[in-house]
Amino acid sequence: MNTLLYESRGHVGILTINRPQALNAFNSEMVDELLTLFPELVKEKLRCLIITGAGEKAFMAGADIAEMNALPFDKAVHYYCDASNAAMEAVEQFPAPVIAAVNGYALGGGNELALSCDIRLAAENAVFAQPEVSLGIMPGSGGIQRLMRAVGPGKAKELLYTTNRLKAEEALAVGLVNAVYPKEELMPAALAMAEKIAANAPVGVQATKRIANASIGLTLTDSYRSELQAFGDCFKTKDQKMAMTAFVEKRKPEPFTGS
Numbered sequence: 001m002n003t004l005l006y007e008s009r010g011h012v013g014i015l016t017i018n019r020p021q022a023l024n025a026f027n028s029e030m031v032d033e034l035l036t037l038f039p040e041l042v043k044e045k046l047r048c049l050i051i052t053g054a055g056e057k058a059f060m061a062g063a064d065i066a067e068m069n070a071l072p073f074d075k076a077v078h079y080y081c082d083a084s085n086a087a088m089e090a091v092e093q094f095p096a097p098v099i100a101a102v103n104g105y106a107l108g109g110g111n112e113l114a115l116s117c118d119i120r121l122a123a124e125n126a127v128f129a130q131p132e133v134s135l136g137i138m139p140g141s142g143g144i145q146r147l148m149r150a151v152g153p154g155k156a157k158e159l160l161y162t163t164n165r166l167k168a169e170e171a172l173a174v175g176l177v178n179a180v181y182p183k184e185e186l187m188p189a190a191l192a193m194a195e196k197i198a199a200n201a202p203v204g205v206q207a208t209k210r211i212a213n214a215s216i217g218l219t220l221t222d223s224y225r226s227e228l229q230a231f232g233d234c235f236k237t238k239d240q241k242m243a244m245t246a247f248v249e250k251r252k253p254e255p256f257t258g259s
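Sequential numbering from 1 applies to the sequence shown in this note's numbering.
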């Protein structure tokens, strides 16, 4: 891969956006690589995935505007809307929880990528924005919908219409990120959280993510039905029997196996 780096640390994967010379801006090659990589990552049966950016300045500073402007109309729409949206969907629907370790600028597609993750941790130097309307376009990778869900319609519309930037502490105040850390503490904090998630029963964690994601578009009644099915599936696992038996017997459970 030319634009992505991946490493596995046991049950935790680390995906690094790797175009530091372009502030990790996404381009057509990166979109293709993301769409190729994520089906392979699903096969690894990870319990948590961390996404971060290479270098010191950016998580992902939006789209490669020079490439977008140079592409023919159909290819520009394909890569910077249709295919990029599919890439964000692959992140959002990844079976295991995904943590965004936002180590700098998260602009445009970078903010959309962070919003596709389950949990967003930010370095103190992180900056968030959706600047698309200042370039004559609009967010094309699910940013409008996900931003509204994250911070509410009123604040989201303000940010979308004005292109105002949010510093890390401001993003924390409006609920865009979960926590803010000094730059040097960001990845250790992300890894610690990932390991804590990975230590829990993977069937239970993944069922919880699946229902949480699905519930956004469901009525409460329909959500209950989905929850009932997933809850029953959890009760069929060896992990459930082992963990509950250990709890009743007042002892520490064995490591979860995912079975």
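Misleading hints may appear alongside valid ones.
DSSO-like cross-link-like pairs, simulated, lysine-lysine; straight-line CA separation at most 27 Å [said to hold, decoys possible]:
hint, residue 1, residue 2
1, K236, K57
2, K252, K236
3, K241, K45
4, K157, K167
5, K196, K250
6, K252, K209
7, K43, K236
If you are wondering where the hints come from, they were derived from the structure by calculation, not from laboratory data.
- [ ] Mind listing which of the numbered hints don't hold for this structure, in increasing order?
- [x] The structure conflicts with hint 1 only, although it agrees with all the remaining ones.
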